[in-house]
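Undergrad: Protein chains in written order, with numbering that gives the first Met the number 0: chain A, 0 to 118; chain B, 0 to 487; chain C, 0 to 496; chain D, 0 to 329.
Some clues are possibly wrong.
[What the hints assert, rightly or not] Going by beta-carbon spacing under 8 Å, a handful of chain C positions derived as facing chain B: (1) Ile206; (2) Leu210; (3) Val211; (4) Leu357; (5) Gly390; (6) Val391; (7) Ile398; (8) Leu408; (9) Leu422; (10) Leu426; (11) Glu437; (12) Asp476; (13) Val479.
[Stated by the list, open to error] With a straight-line Cα cutoff of 27 Å, these simulated DSSO-like cross-link-like pairs (lysine-lysine) come out: (14) Lys162(B) - Lys434(C); (15) Lys372(C) - Lys162(B); (16) Lys109(B) - Lys162(B); (17) Lys155(B) - Lys434(C); (18) Lys444(B) - Lys360(B); (19) Lys204(B) - Lys410(C); (20) Lys109(B) - Lys372(C); (21) Lys359(B) - Lys109(B); (22) Lys155(B) - Lys372(C); (23) Lys410(C) - Lys372(C); (24) Lys109(B) - Lys434(C).
Bear in mind the hints are in silico, worked out from the structure with no lab data behind them.
Every residue, glycine too, gets a C-beta built ideally from N, C-alpha and C.
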Amino acid sequence: MALLGLYNYFVFAVLLMIGLYCVLARTNIVKSLIGLSIFQSAVFLLYISMDKVDGGTAPIIQEGVENQVFANPLPQVLILTAIVVGISTTALALAVAVRIKEAYGTIEEDKIQEMDREP
Amino acid sequence: MIFSEADTIFYALMIPLVGALAIALTGRWPNVRETVTLTTAVALACVVWSLVPTLQAGGRPELHFVEMLPGLKIAFKVEPIGMLFAALASGLWIVNSVYSIGYMRGNNEKNQTRFYVCFAIALFAAVGVAFSANLLTLFIFYEVLTISTYPLVAHKGDEATVKSARVYMGILLGTSIGLFLPAMIWTYSLAGTLDFTPGGILEGKIAEPLVGVLLLMFAFGIGKAALMPIHRWLPAAMVAPTPVSALLHAVAVVKAGVFTITKVFVYIFGIDFLFSQPSHRLIIWIACFTIVVSSFIALRQTNLKRLLAYSTIGQLSYVVLAAAVLKPLSEIGASMHMMAHAFGKITLFFAAGAIYVASKKTEITDMRGIGRRMPWTMAAFSIGALSMIGVPPTGGFISKWYILGGAIQDDNYLALATLIVSTLLNAAYFLPFIFAAFFYEEDVKPARPHGEAPWPMVAALTFTALLTFAFFIFHQPIADLEAQILVK
Amino acid sequence: MTLYDQLPALVVAVLLFTAPIAYMLRLHGFPWAAATAAVVTSFAVACSLAATVIGGETIIYEMGGWPAPYGIVLHIDALSALMAMLITGASSAALIFGYKSLADEVGEETAPAFFAAWLLCTAGLVGMVITGDAFNIFVFMEISSLSTYVLVSAGPDRRALISTYRYIVMGTVGATFYLIGVGFLYMVTGTLNTADLAARVGQVEDIRLVLVAAGFVSVGLAVKAAVFPLHAWMPNAYTFAPNAVTVFIAAASTKVSLYVLMRVDYAIFQNSIANHDIQLTLFLVPLGVLALFVGSLLAIYERNLKTLLAYSSVAQIGYIALGMAMTSVAGLTGAIVHMFNHGLIKGGMFMAVACLALRYRTVNVANLAGAGKAMPWTMAAFVIGGLGLIGVPLTPGFISKWYLVLAALDKGWLGVFLIVVILVSSLLAVIYVWKVIEVAYFREPRANAVPVTQEAPLAMLIPTWIVVLTGVWFAVDSSVPVGLASSAARTLLGVAP
Amino acid sequence: MMTIVFSLFLLTMLVIVAVAILRTDNLFTAVMLSGIFSLIMAANFFVLDAADVALTEAVIGAGISTVLFLGALALTAEHDHSPPVGSWVPLVTSSALGGVIIFATLQAPRLGDPNAIVHKHVAPWYLENTPLLIDVPNVVTAVLASFRGYDTLGEVFVVFTACIGVMSLLGRVRPRGELIEEGEFDKRTDNLRHHLIPRVVGKMLVPFIVLFGLYVQFHGDFGPGGGFQAGALVAAGIILYSLVEGGARGRELVPEWFSGMLVALGAFTYAAVGVACMVMGGRFLDYSVLSHDPVHGQHLGILLIEAGVGMTVAGVMITIFHAFSRRGIR
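Excised from the complex, chain A in its bound form (with noise of 0.2 Å):
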């Protein structure tokens, strides 16, 4: 029953393992792209999972209501934070990718070594 308790963690690390093994092994830029979201949003479900509270609710204080526990704010404002950072480096790097398919035409990394490495 213990472990289950970390079982946020444990996946939390698959994903990561996951996410880098895509970036890091396949040589397909945009499928490496998938690979680096995994990975980034992998890390907001480590900060998430430290706000939940047994029995607690969303962090929004109504009137009347007295002695509600509440989950933790501060993950849930970092993570709003993060996901925008990541969907800011997933556009960059797209569009990084579609000039780079104009410029050597294909998005292959190795393919792309190979044609640089002529002159």
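Chain A is fixed; fit chains B, C and D onto it per the hints.
TA: Below, chains B, C and D without anything else, positioned relative to chain A:
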């Protein structure tokens, strides 16, 4: 005095710099540029020589500049050995300028402006080294000297000169950053200061085995003193035009190395403290080894300038040996030998240059009978050679006399034996050449029939030859000046 | 609240405030002017901040008026002031210098976006340096990284794109590692303020999480700082970015991550993890030594001048890592002073390279032959920079080498080994600097090479020489950088100033 | 107890989808799966009582990011041709990473454990003081906008940088070859003009999405919502309209220059509010000086910066989408 001593030091440093700038600006008009060089040389000599009376009276003029690191200033303080070196360098710069004008015009070398600018900066560095009050200032000017002489060594610019200039730069920069810098910082961390103080700053601050290590780091770190394993840069520097070899590699650059070693022994370690440490014998062995081996190599040399280079390596180690014997007489002998060797070696290099300009010959073997064609040059050459050997009428005899005296005071038989053997070897590689030059028929015809070299060169080398005699006669005031370093 | 108390916020606010303006107003030449004005004002503010903290005090500025652990707080001490000065100074010098070379490389069309990105990059770096909140460092790290990606991708050559892509991937992985580290720290202490973290990390009993957090933060920042094994992105990014951009990022951006690594390791972990300094030494010394040798060797065999200088930067970062690894006041002072000096030296050298590139249209060392005669002033600036890399006196490099060797002296046998490493790598630096000098001064230009007779434009030469001469000035009178660095080192190590 | 069961199920689903993404070669399916991944992640956040984050993750992760990936796919390749057997290095590094984390988190506090340090130190202060100092029901918005307003300022400028980056990379001028004319591109991509049902339903939905976006914008203080979510929702609405009606009509609805200006204006408002606080004597971003009563000042400040954030995020998402969709290839 017209202006205080501190200002004199400042002017002594500023004159070569301003001269270098003026030379750079007047590059396009050779005659104007030559006059600027000469006036700078003369001005520098006057300013430097004006300090001699205050020194003899026991004064130590000082000039403090900016504080570079906490507790370490760029500061200047003139003391006897520094005075001697600066006077030597600035005095001979005049003669050398006259000579190089003749040489450059005679050989019509290209980019002469760069040559004179770098020369002026090299002299600025030499004066800086001479007058520095602490090891840090000395290290700064030591590096400026290395870097400013690089373009001079690589003057021709063809593949061979660039390769040997690379050797020159590699060894000098390598040893100074690789060994001299850590030794200096180690001394600073031990003694808390780097100022040259009579009696040394390392008294009792360093245990026995480490003294040897620090001593060796200094000895081999100061690459310009050309102790045996670190000597290859000197023959490599012979690719430079002869005026460069004459002044820099006979007087300014090499003397800076030996001068630094003497100052480190006298003012950093302190004569008595170092004498009590057994590891100072290491330096004596290294010096003796260098003297003997370089003389043997010189025997086999056929190229005249390389022969003079190896003879310089030997003579430098004389000074190091004298400094390492750590007896009062040998300390004075060290300074005296610096002067004697300077006059003698500059004459020899001037003669070699004159022979090259006149007959385009560089190898000794095809210089038989050249005495008949160039009597003045060969006469000066013989006087220089005699001074190297140490025959009485020339200055060499005086300095060897002091060094022998020091060695006897310390009854250091190794030093005595080396001095005697090397004197014989010197004679062995100089006299046959002089004899052949005067009394043998000319077997190798020169490119075109030639008489003496252009007159400014002949005038310069006869003047320096006379200087060796003058040193023999008027050596006493210099000896008294140097004796001041012994009194605590 | 006089203007004087508002300075800490102003140094970033000015930059952030002008970025959208520079993007919106698309008049000819306006973006560059707005960017330069903003960066120069920010530099002035940074200098006045440095003046107040040189004595050793620290300025605390509560953002939004909320007290320390609850709101975000700006924490400016000698180290952050020195870094802020370096960043804004390098940025203004690069901008003023880069007017002509940027006009040459960045078209009129993308100028507003480019200069807005430049402002944001400076703001991001300065924001990272002065903030006192761990998560805030991540946010500003993202701002600076994203804008650096934009600046690097603006390079004319198509390889700029692929190097930007690799830079994005490694940069994001590094930033996410840092985020994971901060997450674990938050999980264990419950706070994000660096000062509060430092106080509370000591009382944590399950030490495992703190160790792993330190590991993640250090590795993440090492990637961003291009410390040796994780530096793969840097040489290409420096080479293919526009020249003025390389001047800026070479002088400032990697140093900021080293600054954060230093602050995190010393302020937070030093007194909380048991033998932290031994772990730090074991982590940084091998990396530093490898960085020195591999960096210098790669630089020796490199044909492209900008990549050569990039590999030399990898080596110089190795010096800073060694300085940090010594965990002594002198060692840290040496590391901080070298961060400042290396910024000056590399900034000047890359400016000279930009001048060469403008005239020779190429930065391949082989066809720069004869540059010594064609462009004497530029090559002279490059040579002085090169001497700085070697550590010849009268150049900034000498001062940092002095402190590093002095610090290594009282480290026993490890110290002797470090001294040997430092000095041998300076000799390697002699080789690759002399390789360029020999080509430039002693080799005749090839027949088919484009004949260059014109010196670089004055507008580019003057800033180059200003940077070089400031370097020489700080080499001769090093009281300002060394004063700031030693008081910073003492505050970091908690030794009484 | 129920949360543990729900999160167990959702988390395992998450891992399965991630593995599926990793293994598939067709990039189109990978993008779709990543959309599903984000949706499950949003559901997970909701189970963990993070309503705001769930909404953001759903809109941005599932909505915008999938659209961007599809836009990029249209301009690059369909298939991932990376060699199947990669070297062992990635495997070793990622498993080492995973091992280190699992090793460390064994000591981490259990899920939902009330006396974890995280709930003891800074968080309770926020929960107690928000009603007193800022008097806004949604504590997350209060912390986001005011207590840690400087973070969110940085955040807005990150988004602004992304927009600048995309504009400078995919700016108006395409270096090689001219942009194919508007009409031709739309004809070729056959923008659902002939699919009546999705067009009619889509056009009906757009106004409600935008309305809901505005509701979320202004309701942010009282319930889950705020600038980010609102901006993304409005952008999603506009993007839906462009998908349904074709890029040209979408650009007529929200022209390029307008969305560009929106971005710069939003970022500028945020920074201007901060500077205004300084001018009026407070610290940077200290809203209490904005009006006579500190609490009103906070309300005004939060309202303004949320508007700024909303404008920026909406502008950025629309600009980036247009940049991708307009970059037609021959």
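Undergrad: Against this structure, judge whether each hint is valid.
TA: Evaluated hints:
1. Ile206: With a minimum Cβ separation of about 36 Å from chain B (threshold 8 Å), the hint on Ile206(C) is violated.
2. Leu210: violated (35 Å)
3. Val211: violated (38 Å)
4. Leu357: Hint violated; Leu357(C) Cβ to chain B Cβ min 25 Å, cut 8 Å.
5. Gly390: holds (6 Å)
6. Val391: Cβ of Val391(C) sits 5 Å from chain B, so the hint holds.
7. Ile398: This hint holds: Ile398(C) lies near chain B, its Cβ roughly 7 Å from the closest one there, short of 8 Å.
8. Leu408: holds (5 Å)
9. Leu422: For Leu422(C), the interface hint holds, since the closest Cβ of chain B sits about 5 Å away, which is under 8 Å.
10. Leu426: Holds, about 5 Å.
11. Glu437: Because about 6 Å separates Glu437(C) from the closest Cβ in chain B, which is inside the 8 Å limit, the hint holds.
12. Asp476: Check passed: Cβ of Asp476(C) comes within 5 Å of chain B, closer than 8 Å.
13. Val479: Hint violated; Val479(C) Cβ to chain B Cβ min 12 Å, cut 8 Å.
14. Lys162(B) - Lys434(C): holds (11 Å)
15. Lys372(C) - Lys162(B): Cα-Cα ~20 Å, so holds.
16. Lys109(B) - Lys162(B): Between Lys109(B) and Lys162(B) the Cα gap is close to 19 Å, so the pair holds against 27 Å.
17. Lys155(B) - Lys434(C): Distance ~18 Å between Lys155(B) and Lys434(C) Cα, so the pair holds.
18. Lys444(B) - Lys360(B): Between Lys444(B) and Lys360(B) the Cα gap is close to 10 Å, so the pair holds against 27 Å.
19. Lys204(B) - Lys410(C): holds (18 Å)
20. Lys109(B) - Lys372(C): Distance ~13 Å between Lys109(B) and Lys372(C) Cα, so the pair holds.
21. Lys359(B) - Lys109(B): holds (18 Å)
22. Lys155(B) - Lys372(C): holds (15 Å)
23. Lys410(C) - Lys372(C): violated (47 Å)
24. Lys109(B) - Lys434(C): Holds: Lys109(B) and Lys434(C) sit about 23 Å apart, inside 27 Å.
In summary, the structure is inconsistent with hints 1, 2, 3, 4, 13 and 23 from the numbered list given earlier, while agreeing with the others.
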